[in-house]
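Enquirer: Residue numbers (my numbering), protein chains in the order written: chain A, 1 to 393; chain B, 1 to 85.
Derived from the structure by calculation, the hints contain no laboratory data.
None of these values were measured; they are calculated from a predicted model.
Treat the hints with caution; some may be incorrect.
Using 20 Å as the maximum straight-line C-alpha spacing, the simulated EDC-like pairs for lysine to aspartate or glutamate come out as follows [what the hints assert, rightly or not]:
(1) A/Lys-102 with B/Asp-48
(2) A/Lys-102 with B/Glu-74
(3) A/Lys-102 with B/Asp-33
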Amino acid sequence: MVARTPSRKRRTRRTGARTGPVLLVATRKGAWILRGDRARRSWSPDGPHFLGQIIHHLVLDPRDGRTLLAAASTGHLGPTLFRSSTLGRTWTEARRPPAFPKAGDGGTGRSVDHTFWLTPGHPSEPGSWYAGTSPHGLFRSEDGGDSWEPVAGLDGSPRYREWMGGPQDGTPNGPKLHSVIVDPRDPAHLYLGMSSGGVHESTDAGASWRPLVDGMEVVEGFDRSNLAFHDPHCVRICPSRPDRLYQQNHCGIYRLDRPATRWKRIGRRMPKSVGDVGFPMVVHPRDADVAWVFPMDGTSVWPRTSPGGRPAAYTTRNGGRSWVRLDGGLPRRDAWWTVKRQAMAADGGEPVGLYVGTTQGEVWASRDEGRRFHCVARHLPEIYALEAGEPAA
Amino acid sequence: MKVLIPSPLRSYTGASEVDAEGDTLDAVLRDIDRRHPGLRFRMVDEQDRVRPHVRVFVDGEQVFDLGRRMGPGESVQIVQALSGG
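Bound-form chain A, shown alone (with noise of 0.2 Å):
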């Protein structure tokens, strides 16, 4: 692994914290945490956890800076969730993961294959969390992630069950709930995306959903109206304007300013050559025109590499008017690899901080906004989250 990146005559300005951030490695293979010291140039490696587990997402908990959550399957066993409040120096296994209703006399119930997505809770709800998993399901605890239910205005509704479609329906490895969004203004104000089954909108706590997909293109040929034929594959809100909504899809690079309810196509303006396909997408933590994605490869059979084997981030710097290329310090050529939708993210420094991490086990890190990057990590097994915290002292 790499630990240090390269000095720099020009500072980089710390990120205001009492610590450096963590960046949170979730591969299929286990979990790494990197350590970054305070001006984000030196990362101290700190794993493998739960070596050979396939960990799908790794999330500290802002609101205590301690509490991480893991969600963690294997080839072999079913899902389960791990717990520490030690920053992983210990963990605990949750006494009831996420599972679905036994089904009555006579069903077919379904089981949670993994769980794929963490969202932490409002900072007014203390110990809550949401999970979504493949096949679809939203789950919800209120006692740190020891235990979960379903959130039923979801499971329990025929329609949007019609909508999830079953387990061999969506993205190659089972259809995802993804990108559980909590206002920051609002806790009962949530947003969902699911692979195969649309963008979503509660302001009850879950109790109810409504679909949230006016504007989003589906494969061209399909039936738009047909929610099972939507593909959103992440969806952010903006923490310094919460009515500002990006969306990276299937089907392109999206905006919605609430209250208005339709998605308007931003990712138009990115270059031909590269398109607007990808998975995942960032948003700048105090300026809402900002945000990131990072382009692949999705003509014929979607390759799902980075086009023309030249991996680069694109930002927008004006709400998705213009786009510009990012590429510095990335391979120029012969670089085939690409980011998952839960693999990129931002730290909360001036300048802020950008990470991925790529389907071949590397993690670049950016000080200046994507200006330029530096590999910290490598030879990593394929990393399917990364997320960027900030400890508590």
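We have chain A already, so just place chain B on it with the hints.
Expert: Showing chain B alone in chain A's frame:
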């Protein structure tokens, strides 16, 4: 009765073989889970189906029905399926 534990589940038991009691296979697995919490859900899903890559044998005979009655002197073997090479 004796229950053979495969390596992926030994983080729960700390041993390759454990003791458990029950008059059905389901009762045996629930007894193991009481002694080693969390183990059962890793091998049996919420619909009480043995997970796809786990196999359960009683005295060498593969069993799919968790309701199978257990007789005196029988033993249980839990193994991970040979899947994926």
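Enquirer: Against this structure, judge whether each hint is valid.
Expert: Right, here's what the structure says about each hint:
Simply put, A/Lys-102 and B/Asp-48 have alpha-carbon atoms about 8 Å apart, close enough for the 20 Å limit, and the pair holds. For the suggested pair A/Lys-102 and B/Glu-74, the alpha carbons sit about 30 Å apart, so the restraint of at most 20 Å is broken. Straight-line distance between C-alpha atoms of A/Lys-102 and B/Asp-33 comes to about 18 Å, which keeps the hinted pair within the 20 Å bound.
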